[in-house]
Amino acid sequence: ERVFKYLALVVKKMDAWTFDIDTVAALADSYRRAGHADPSLFARLSTVLQQIDAVSFSLSSIATVANAYSDPRVVDKALLGRLAMILQQMDGKVVSGPEAVQDVSVILNAYATADMRETALNLSHTL
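Using my numbering, you'd call the opening residue of the sequence shown number 1 and step up by one each time.
What the hints contain is simulated information worked out from the structure, not anything from laboratory work. Ideal Cβ positions, reconstructed from N, Cα and C, are used throughout, including at glycine. A portion of the hints provided could be inaccurate.
Label pairs and their in silico Cβ distance ranges [as the list claims (entries may be wrong)]: (1) Trp-17 - Ala-78: 20 to 26 Å; (2) Ser-60 - Leu-121: 29 to 35 Å; (3) Val-101 - Ala-34: 23 to 29 Å; (4) Lys-13 - Gly-92: 22 to 28 Å; (5) Gly-81 - Ala-34: 37 to 43 Å; (6) Val-94 - Val-3: 34 to 40 Å; (7) Glu-1 - His-125: 42 to 48 Å; (8) Glu-1 - Asn-122: 36 to 42 Å; (9) Met-14 - Ser-124: 18 to 24 Å.
Put together the whole structure using the sequences plus the hints.
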């Protein structure tokens, strides 16, 4: 418990430019899985994620972030909306291959869990 709190404090003090998409996705996912839904940490990570260039996102990173932010304790519909826009701009080959099935399933489930069913429905037509 103390380690998670200490690391959250460190992360909140770091400059946004020190993060990459995979690090932020892993942090959000790890804290969600551990049950440490620190609203200020997730708000900070959301701010960082919204500053990362859209081309840096992979389907896998979007799945990880969407899943983390669909947790009712930290749901962030603005961030999820941005991720949906990034998904819709991705090359169709990225989301249509057999290796994409699991990530797409996680993404659609995350939007449904976050009570963004209309977005999930729209994405299901796009993806």
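Status of the hints after comparison with the structure:
Under the hint 20 to 26 Å, the C-beta atoms of Trp-17 and Ala-78, about 21 Å apart, fit the expected range. At about 22 Å, the beta-carbon gap between Ser-60 and Leu-121 misses the expected band of 29 to 35 Å. For Val-101 paired with Ala-34, a C-beta distance near 27 Å keeps the hint of 23 to 29 Å intact. At roughly 40 Å, the beta carbons of Lys-13 and Gly-92 sit outside the given window of 22 to 28 Å.
For Gly-81 paired with Ala-34, a C-beta distance near 26 Å fails the hint of 37 to 43 Å. Between Val-94 and Val-3 the C-beta distance comes to about 36 Å, which sits within the given range of 34 to 40 Å. At about 43 Å, the beta-carbon gap between Glu-1 and His-125 stays in the expected band of 42 to 48 Å. In this structure the supplied range 36 to 42 Å holds for Glu-1 paired with Asn-122, their Cβ-Cβ distance being about 40 Å.
At about 36 Å, the beta-carbon gap between Met-14 and Ser-124 misses the expected band of 18 to 24 Å.
Comparing the model with each earlier hint shows violations of hints 2, 4, 5 and 9; every other hint is respected.
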